[in-house]
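**Q** Below are the chains, spelled out letter by letter.
Protein chains: 2
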Amino acid sequence: MKIGILGATGAVGRQMIKCLEESDLNVEELRLFASASSQGKTISFNRNDIEIKDANDNNLQGLDYVLGAVSNELSKKYYELIKKTGAVYVDNSSAFRSDKDVPLVVPEINGIDALKHKGIIANPNCSTIISLMAVAPINSLSRISSMVVTTFQAVSGAGNKGIEELEKQIEQIRNNEKTDPEVFVKQIAYNCVAQIGSYLDNDYTSEEMKMQNEGRKILHLDELLVSCTCVRVPVYRSHSISIRVLCQEELDLDKVKEAIACFPGVKLFEDELPTPLDSSDQNQVFVGRIRKDLTDPKGICLWCCGDQIRKGAAYNAVEIIEYLEKHKKGAL
Amino acid sequence: MKIGILGATGAVGRQMIKCLEESDLNVEELRLFASASSQGKTISFNRNDIEIKDANDNNLQGLDYVLGAVSNELSKKYYELIKKTGAVYVDNSSAFRSDKDVPLVVPEINGIDALKHKGIIANPNCSTIISLMAVAPINSLSRISSMVVTTFQAVSGAGNKGIEELEKQIEQIRNNEKTDPEVFVKQIAYNCVAQIGSYLDNDYTSEEMKMQNEGRKILHLDELLVSCTCVRVPVYRSHSISIRVLCQEELDLDKVKEAIACFPGVKLFEDELPTPLDSSDQNQVFVGRIRKDLTDPKGICLWCCGDQIRKGAAYNAVEIIEYLEKHKKGAL
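Protein sequence lines correspond, in order, to chains D and Z. Residues 6 to 337 (this note's numbering) make up the first sequence, in order. Residues 6 to 337 (this note's numbering) make up the second sequence, in order.
Read the hints as simulated data drawn from the structure, not as lab findings. Among the clues, some could well be false.
A pair holds if it fits inside one copy or across any two, identical chains being indistinguishable in the list.
With a straight-line Cα cutoff of 27 Å, these simulated DSSO-like cross-link-like pairs (lysine-lysine) come out [claimed, not checked]: (1) K272 / K191; (2) K183 / K166; (3) K191 / K173; (4) K191 / K297; (5) K183 / K272; (6) K173 / K183; (7) K23 / K46; (8) K88 / K183; (9) K23 / K262; (10) K191 / K81; (11) K173 / K262; (12) K89 / K121; (13) K262 / K191; (14) K183 / K23; (15) K89 / K272; (16) K303 / K260; (17) K7 / K23; (18) K333 / K262; (19) K297 / K123; (20) K260 / K7; (21) K89 / K7; (22) K121 / K173.
All figures in this text were calculated on a predicted structure; none of them were measured in a lab.
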């Protein structure tokens, strides 16, 4: 199998390389693409140094899959080239997520949608993936009608520059220097910033609306309602999410816990508390603090943590390829 | 007026001294009390050094008010002494908050309850005060039936030792040393810890249930339902809270903003984003991100930040004395 990665030097691109190394996929050839400033440099894959190249028509020829970890703008540009090559494009940007002809896939939840692809599959938003991994098992017991969600998002969700900004500000404060927010709208060190993405007409941000829009598509729940508040916190890695789900019926808490414990890719925490630090560099989504909602008998409250670079991005994308390969020969 | 402070050397006690200095109260004499290890040391009040003493029967005589910033256990012990002196005890512990004979007061919301005191008034939980300051104006437009709440609580909520633990862990990580959680159940540096207080039978923590129990008493809403998730975050000071309130009627968003803007002690943020850092060392509660709940037309979502040592504790306690003094002569 021949795979290419667009944006191979970014936080998600580098993790895609690591997830491919860890996967059972038989990768005969890996091609790494990045911007001009990185071209000519090498990155190791399975102990071989791979030179970073330009993603032009020529270099994209002959690949089976391309994993995209670039901006919406670049993703659109490269997709025009990829679709001429016959490769399947698994895109981590949000450029194609709402496109009716593009499946939006979390393999454990709606892997089957991936099989209907027309050359491109979208990888969902990181907080959405992590939240849905926690609530999909509940949805299988009783349809979810609405969610009230508050996220605690790590700085690496903004890429390497997010990590650098937190590191820099921690040092500046240590040295009694003034901090200068650039990546985040306010100082992120020792602070919480309740604005991720840009404001829309309804006063929610673009990031907050992904939870409802993408949640509807992934769960096949066209009328799902979600009120989301996205907050950046001074955590390096892994997003945490406080969720109140409302179902069609009242559920037994033990059955909810059982469904979560049995769901692939999810780890139930009953006595211990999951934290973003524990879930960092893990593929599993950690779910804990499961309890009855006190405001509505049909509600469940929970707290989940997941590595947004792994399950929230790179690992989910690699899993999509694994799913396609597994079901290639009609093995469904 | 003669005032005493129990626990004068702690984070809240020290802030009480500062709030008294800033207030218009005519404090003729301030007596500071703390444990044996601090007795004999001095703390400055209005440029006078005041010696810290033992809160015994003798030293408590002749005071008009005593402000308490000690543990539940010590609060109960000292109240037995204070009630014999005739002083009014304003207690920041949770020991008496659920007592029917003890008013639980946020002066801007239910100051009038303080006038019915029988020698003791309880200061509410910090997150509860900050949340209620944001939602009380909404409750005045249409009665609140329920709230779904997620808190982002600063380490200083656990006192000076919480601050020291975050500082210590940041240094340990900087030096590639192992961290050792003592005050919080998990590492707090670069992490979020969704457990504050002890677990109760319903799987909520003692801290989480305060929002419903104290909210009912302060707002005089016996049937208020609250599902709360309390999370400790690596912020030094000021708690932030993500709230979804559900009212009896659907409300106009402009009227909600107007009510919040007009409410004493609250600052409305319309275009700018309030953060815990901005609200630190401020008496006002900052409220922003006000928008319609997308899951229910009768719901409102908002984000608020407030200094839990000031409005969440010391300032609220001093305001209670100010309220009592103002209404002493039947000036209501």
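**Q** For which of the previously enumerated hints does the structure constitute a violation, in increasing order of number?
**A** 8, 9, 10, 11, 15, 18, 19, 20 and 22
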